[in-house]
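> Listed here are the chains, written in short residue letters.
Number of protein chains: 2
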Amino acid sequence: MIKVLRLGHRRGRDDRISTHVGLTARQWGTDEIVFAGEKDENMLESQKDIINRWGGNTEIRYAEDWKSEIKDFEGLKIHLTMYGERIDETMEALEEEFENQDLLLIVGAEKVDRWVYTNVDYNISVGNQPHSEIAALAVFLDRMEGLKEDFEDASIQVNPSEDRKLTEKL
Amino acid sequence: MIKVLRLGHRRGRDDRISTHVGLTARQWGTDEIVFAGEKDENMLESQKDIINRWGGNTEIRYAEDWKSEIKDFEGLKIHLTMYGERIDETMEALEEEFENQDLLLIVGAEKVDRWVYTNVDYNISVGNQPHSEIAALAVFLDRMEGLKEDFEDASIQVNPSEDRKLTEKL
Chain A
1 MIKVLRLGHR RGRDDRISTH VGLTARQWGT DEIVFAGEKD ENMLESQKDI
51 INRWGGNTEI RYAEDWKSEI KDFEGLKIHL TMYGERIDET MEALEEEFEN
101 QDLLLIVGAE KVDRWVYTNV DYNISVGNQP HSEIAALAVF LDRMEGLKED
151 FEDASIQVNP SEDRKLTEKL
Chain B
1 MIKVLRLGHR RGRDDRISTH VGLTARQWGT DEIVFAGEKD ENMLESQKDI
51 INRWGGNTEI RYAEDWKSEI KDFEGLKIHL TMYGERIDET MEALEEEFEN
101 QDLLLIVGAE KVDRWVYTNV DYNISVGNQP HSEIAALAVF LDRMEGLKED
151 FEDASIQVNP SEDRKLTEKL
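Chains A and B supply the protein sequences, listed in that same order.
The numbers in our numbering rise by one with no breaks, and the one at position 120 of the first sequence is 120.
The numbers in our numbering rise by one with no breaks, and the one at position 79 of the second sequence is 79.
Keep in mind that the hints were calculated from the coordinates and are not lab data.
Just so it is clear, the structure is predicted and the values come from calculations on it, not from any experiment.
Virtual Cβ for every residue (Gly too), placed ideally from N, Cα, C.
There's no promise every hint is true.
Simulated coverage check for chain B against chain A, where a stretch passes if three residues somewhere in it have a Cβ under 8 Å from a Cβ of chain A [unchecked claim]:
{"id": "1", "stretch": "121–128"}
{"id": "2", "stretch": "159–170"}
The calculated lysine-lysine pairs, modelled on DSBU-like cross-linking and capped at a C-alpha distance of 30 Å, are [to be verified]:
{"id": "3", "chain 1": "B", "residue 1": "169", "chain 2": "B", "residue 2": "77"}
{"id": "4", "chain 1": "A", "residue 1": "165", "chain 2": "A", "residue 2": "67"}
{"id": "5", "chain 1": "A", "residue 1": "111", "chain 2": "B", "residue 2": "48"}
{"id": "6", "chain 1": "B", "residue 1": "165", "chain 2": "A", "residue 2": "169"}
{"id": "7", "chain 1": "A", "residue 1": "3", "chain 2": "B", "residue 2": "71"}
{"id": "8", "chain 1": "A", "residue 1": "148", "chain 2": "B", "residue 2": "111"}
{"id": "9", "chain 1": "A", "residue 1": "165", "chain 2": "B", "residue 2": "169"}
{"id": "10", "chain 1": "A", "residue 1": "148", "chain 2": "B", "residue 2": "39"}
{"id": "11", "chain 1": "A", "residue 1": "165", "chain 2": "B", "residue 2": "111"}
{"id": "12", "chain 1": "A", "residue 1": "148", "chain 2": "B", "residue 2": "67"}
{"id": "13", "chain 1": "B", "residue 1": "3", "chain 2": "A", "residue 2": "3"}
{"id": "14", "chain 1": "A", "residue 1": "39", "chain 2": "B", "residue 2": "169"}
{"id": "15", "chain 1": "B", "residue 1": "3", "chain 2": "A", "residue 2": "67"}
{"id": "16", "chain 1": "B", "residue 1": "169", "chain 2": "A", "residue 2": "48"}
{"id": "17", "chain 1": "B", "residue 1": "67", "chain 2": "A", "residue 2": "111"}
{"id": "18", "chain 1": "B", "residue 1": "165", "chain 2": "A", "residue 2": "165"}
{"id": "19", "chain 1": "B", "residue 1": "77", "chain 2": "A", "residue 2": "148"}
{"id": "20", "chain 1": "B", "residue 1": "48", "chain 2": "A", "residue 2": "165"}
{"id": "21", "chain 1": "A", "residue 1": "165", "chain 2": "B", "residue 2": "39"}
{"id": "22", "chain 1": "A", "residue 1": "111", "chain 2": "B", "residue 2": "148"}
{"id": "23", "chain 1": "B", "residue 1": "169", "chain 2": "B", "residue 2": "71"}
{"id": "24", "chain 1": "B", "residue 1": "165", "chain 2": "A", "residue 2": "71"}
{"id": "25", "chain 1": "B", "residue 1": "165", "chain 2": "A", "residue 2": "111"}
{"id": "26", "chain 1": "B", "residue 1": "67", "chain 2": "A", "residue 2": "165"}
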């Protein structure tokens, strides 16, 4: 089981970035996505609409008390940050640990509280340059799990094509 | 040599998404990033500032005539789209083709002109679900090339740490 916690959402400014975080987490098979920061029903609803149409069982919700989401999680807790240990040097060990327990992946906004760094099992960098929490999350999940292909109870799906947009209603 | 073309930028609405696209392309070793759509000097300048501080030789520019960026490119042209052929089934062949030529990766905004689909060598999906052009670009580049670690002439760098933010001025 994989859970993603997205910290520090700001209404307006972060709408699209947080939506990309959520949809990326879903595409790579995350079971639950929790958004912290400012409560934003519109952003959550638009993601729920997409999940309803495109299928799958990813749960999405808001949490005001984000520290409890970390403290109470039973499993491997990994914070993705450009300041962390290099993924290329740690992935093998992390994969072994993930075999036997659930995984919580934490991604931040611009400023992440120092508390997070000291209350997780690992701080891991997907590159030590400034880039994107969406990219970091996608690549970490891709290396750990790979792409998810089947989404249950979808009402629409893509039929992969060489040169056009083909969708099918189910 | 890898070039990324980001289509359909809209000032204001896409600032942060386009910035994430550019910085992600840079983290995975892209040599040149071209932004099309609305001209946005502020977005370009903020990325150039980051490149100046953090180093490397990634070139960033705007192009009004995006079709010429595709037509005149000599090398392998790949459009990343949720409607394309599956990356899991095509990557091996693409890696072989990339060994002998340059690579142009195209990522779109919400609506991509039909012309793009028929004027590239491949339309490739990194997942057939709606998610993020940032995630698609990151994962494609990660599978093709892996992370880039050394950026020349940086004035700052991260020293990867288990539990804190450590940066060093160079």
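> Confirm or reject each hint.
Hint-by-hint comparison with the structure:
1. Three residues within the 8 Å Cβ limit are the bar, and the stretch 121–128 of chain B against chain A gives 6, so the coverage statement holds.
2. Three residues within the 8 Å Cβ limit are the bar, and the stretch 159–170 of chain B against chain A gives 8, so the coverage statement holds.
3. Annotation: proposed proximity of residue 169/B to residue 77/B is violated, straight-line Cα distance about 38 Å (limit 30 Å).
4. As the CA atoms of residue 165/A and residue 67/A are separated by approximately 43 Å, the hinted pair breaks the 30 Å bound.
5. For a cut-off of 30 Å, the pair hint linking residue 111/A to residue 48/B stands: about 22 Å separates their Cα positions.
6. With a C-alpha separation of about 48 Å, the suggested pair residue 165/B and residue 169/A falls outside the 30 Å cut-off, and the hint is violated.
7. Using a Cα cut-off of 30 Å, the hinted pair residue 3/A and residue 71/B is violated, with the two alpha carbons roughly 43 Å apart.
8. Note on residue 148/A and residue 111/B: the hinted pairing holds, with a Cα-Cα distance of about 24 Å set against a maximum of 30 Å.
9. Of the pairs offered as hints, the one joining residue 165/A and residue 169/B is violated, with about 48 Å between alpha carbons and a cut-off of 30 Å exceeded.
10. About 36 Å separates the Cα atoms of residue 148/A and residue 39/B, which puts this hinted pair outside 30 Å; it is violated.
11. At most 30 Å may separate the alpha-carbon atoms for a hinted pair to count; residue 165/A and residue 111/B meet this at roughly 11 Å.
12. Taking the CA atoms of residue 148/A and residue 67/B, the gap is about 33 Å. The hint is violated against a cut of 30 Å.
13. At roughly 34 Å between alpha-carbon atoms, residue 3/B and residue 3/A are farther apart than 30 Å, so this suggested pair is violated.
14. Of the supplied pair hints, the one linking residue 39/A and residue 169/B is violated, its CA atoms being roughly 38 Å apart against a limit of 30 Å.
15. About 41 Å separates the Cα atoms of residue 3/B and residue 67/A, which puts this hinted pair outside 30 Å; it is violated.
16. Under the criterion of a C-alpha separation no larger than 30 Å, the hint pairing residue 169/B with residue 48/A is inconsistent with the structure, at around 44 Å.
17. Distance restraint check for residue 67/B and residue 111/A: the Cα-Cα separation of roughly 39 Å exceeds the 30 Å cut-off, and the hinted pair is therefore not satisfied.
18. Pair hint residue 165/B plus residue 165/A does not hold up; C-alpha atoms about 44 Å apart against a cutoff of 30 Å.
19. Simply put, residue 77/B and residue 148/A have alpha-carbon atoms about 26 Å apart, close enough for the 30 Å limit, and the pair holds.
20. At most 30 Å may separate the alpha-carbon atoms for a hinted pair to count; residue 48/B and residue 165/A exceed this at roughly 35 Å.
21. With a C-alpha separation of about 28 Å, the suggested pairing of residue 165/A with residue 39/B holds against the 30 Å cut-off.
22. With a C-alpha separation of about 24 Å, the suggested pair residue 111/A and residue 148/B falls inside the 30 Å cut-off, and the hint holds.
23. Using a Cα cut-off of 30 Å, the hinted pair residue 169/B and residue 71/B is violated, with the two alpha carbons roughly 42 Å apart.
24. Taken as a hint, the residue 165/B and residue 71/A pair is honoured in the structure, with Cα atoms around 21 Å apart against an allowance of 30 Å.
25. The hinted pair formed by residue 165/B and residue 111/A meets the criterion: a straight-line CA distance of about 11 Å does not exceed 30 Å.
26. For the hint pairing residue 67/B with residue 165/A, the CA-to-CA distance comes to about 20 Å; that is within 30 Å, so the pair holds.
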